[in-house]
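A.B. asks: Residue numbers (numbering that gives the first Met the number 0), protein chains in the order written: chain A, 0 to 260; chain B, 0 to 325.
Among these hints, one or two may not hold up.
[Unchecked claim] So these bits of chain A aren't anywhere near chain B, every CB distance computed over 10 Å:
1) Gly45
2) Leu191
3) Asp204
[Stated by the list, open to error] According to the in silico footprint, chain A covers these stretches of chain B (three or more CB under 8 Å from chain A):
4) 209-223
5) 263-272
Keep in mind that the hints were calculated from the coordinates and are not lab data.
The structure presented is a predicted model; accordingly, all values stated were derived computationally and were not measured.
The beta carbon of each residue, even a glycine, is placed where N, CA and C say it ideally should be.
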Amino acid sequence: MTGVGDPSVLLEAERLALQVGERWLCCEFSLRLAAGECLVLLGPNGAGKTTLLHTLAGLRAVTVGSVRLGGRSYADWDSLAAARFRGLLAQQQPDHFSASVLQTTLVGRHPHLGRWGWETAADIAIAQAALAEVGLAEFAGRDVLSLSGGERQRVAIATLLTQAPRLFLLDEPTNHLDLHYQIAVLELFARLKRNGCGVVMVLHDINLATRFADHVILLDGKGGVLAGAREEVLQADHLSRAFDHPIRRLDVGERILFIPD
Amino acid sequence: MPGRTSPGFVIAGLMLVGVCALTWALSAGDLPIGLADVFGALFRGAEGMAADVVRELRLPRAVAVFVCGGLLALAGALMQVLLRNPLADPYVLGVSGGAAVGALAAMLVGASSWVVDGAAFGGALAAMLVVFGLAHGDGSWTQTRLLLTGVIVAAGCGAAVTLMLSLATDTRLQSMLFWLMGDASGASRPWPALVVLVAGLAVVLPVARDLNVLARGETTASALGVRVRRLRYLLYVLASLLTAAAVTLVGSVGFVGLVVPHLVRFAIGNDQRLLLPAALLAGGTLLTLADTAARTVMAPVQLPVGVLTALIGVPVFLFLLSRSSR
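Let's have the full structure, built from the sequences with the hints guiding it.
C.D. replies: Below, the structure is given as structure tokens:
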């Protein structure tokens with residue numbers, strides 16, 4: 000953990016509590032994410048993982064506590080400048096009109112272009128590189144409406160890479176992905192992390208969290224929050240209580256696995 | 000957008016076609032007027048009956064029809080982005096219903112054409128405010144809520160229109176029916192609507208790339224720095240005003256607002272920076288061609304222009320649809 004005012008701190012939340020209507024999703028807690036760290040949000044359905052992620056992304060007003068991006072509250076950020084600093088992968092990807100995969104991916108360049116700016120050859124190169132990262136290099140000319148769910152998810156990830164933020168906020172990045180691409184995508188973000196980016200992601204798979212997280216926030220859906228280093232939070236009894244289901248830990252060689260009983 | 004035709008080329012081509020359509024509209028009719036005389040009347044202040052016909056009759060009507068087509072196509076394209084629904088058209092949120100209620104109420108009491116125009120525009124704005132207020136309700140303003148509110152208000156307006164038609168005397172009934180079908184022959188004051196059209200395009204072009212981003216969903220758009228709520232208010236008000244101006248000018252011409260944006264999308268893709276001006280030009284051109292055909296094909300009988308837009312547009316649309324689904 001790092002000190003206050005440290006430029007390597009990408010995201011801080013202080014005494015944050017979330018409320019949806021009358022319901023409190025989580026009691027006051029604090030977090031701090033520095034460059035090169037990965038935070039995973041875990042919890043049962045409806046526990047408020049997406050709400051928390053959107054709050055951290057500055058898309059929801061904070062009622063209790065504060066959120067600071069790169070040391071400043073979102074009110075002090077220009078929305079386009081914030082979009083160059085942090086990017087969000089949404090849980091769902093709506094596609095109602097046909098557009099080419101490349102055109103869709105180029106949307107990520109929006110915060111980097113001026114009001115009247117059009118994408119340059121450099122922007123197109125960035126988008127093509129991003130598509131190659133997610134194994135869609137050959138798909139640039141395809142219509143997004145003709146893609147499978149997993150391919151659309153990878154287009155969304157490529158769009159986020161094209162946005163090129165320092166802080167990645169990912170809502171279930173492994174959605175619709177097959178086993179190979181689940182690992183490939185998480186490895187991709189782990190690589191970005193090692194290169195100085197920060198990652199916050201919502202996951203459902205405890206074992207992927209075990210493998211990729213540095214810090215974990217475990218929401219139990221009843222207002223309880225457990226935040227800390229991976230080894231502290233990812234324990235069978237904490238997980239069993241949060242998910243309201245007995246969960247057992249298995250040690251297989253080097254790897255730790257959690258399986259539901 | 001890269002890889003396709005250059006934007007300047009597309010817009011220049013559409014402008015050229017639009018000028019050709021307007022020239023045809025000025026030249027064709029019961030009294031055929033040669034191109035030389037048309038240009039003489041327009042640019043060299045020629046005298047005589049042909050010049051008067053061009054300047055006093057055909058020019059206002061051609062401009063009115065072109066502007067109306069442009070307004071409807073632009074409004075339709077914006078509604079489709081706002082509601083993220085390919086089936087949205089300018090009338091889906093009840094703006095034309097409100098205009099019809101206003102115009103027919105004015106006709107029912109025998110008001111002059113200025114008052115009818117004013118009542119139509121007022122009715123359109125009233126419908127826009129009612130839908131906005133009701134859909135806003137709890138502050139959520141979701142697509143579904145907006146669409147449902149608009150469709151219900153439109154249905155209410157439809158009932159009010161039917162009621163007024165059943166109450167009208169025979170002499171007034173005919174002019175009311177003509178108004179409802181969209182009647183370009185009475186459109187003699189196109190200039191205010193032209194101002195609305197140009198101003199609308201000027202407002203929307205600077206945010207055209209934001210609309211591309213909005214198509215990726217509200218969450219993603221917000222995260223990419225688009226002020227989503229403000230943008231959606233702007234879209235709603237602008238599309239409503241454009242529709243109100245079009246309906247006040249010519250009446251509820253169907254089809255243009257729904258189909259022209261799709262035609263253009265098939266041809267050049269969904270980049271709003273190019274789509275919006277291209278749809279405007281294509282809509283104006285299509286309606287100009289349709290109106291000119293409507294008054295010449297079976298002359299002296301004048302067909303309702305909406306029928307012609309459908310007869311031209313449907314086969315073209317189906318052809319492009321079948322081609323694009325390869």
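A.B. asks: Look at each hint and say if it fits the structure.
C.D. replies: Hints, one by one, checked against the model:
no.	hint	verdict
1	Gly45	18 Å, holds
2	Leu191	17 Å, holds
3	Asp204	22 Å, holds
4	209-223	holds (count 11)
5	263-272	holds (count 5)
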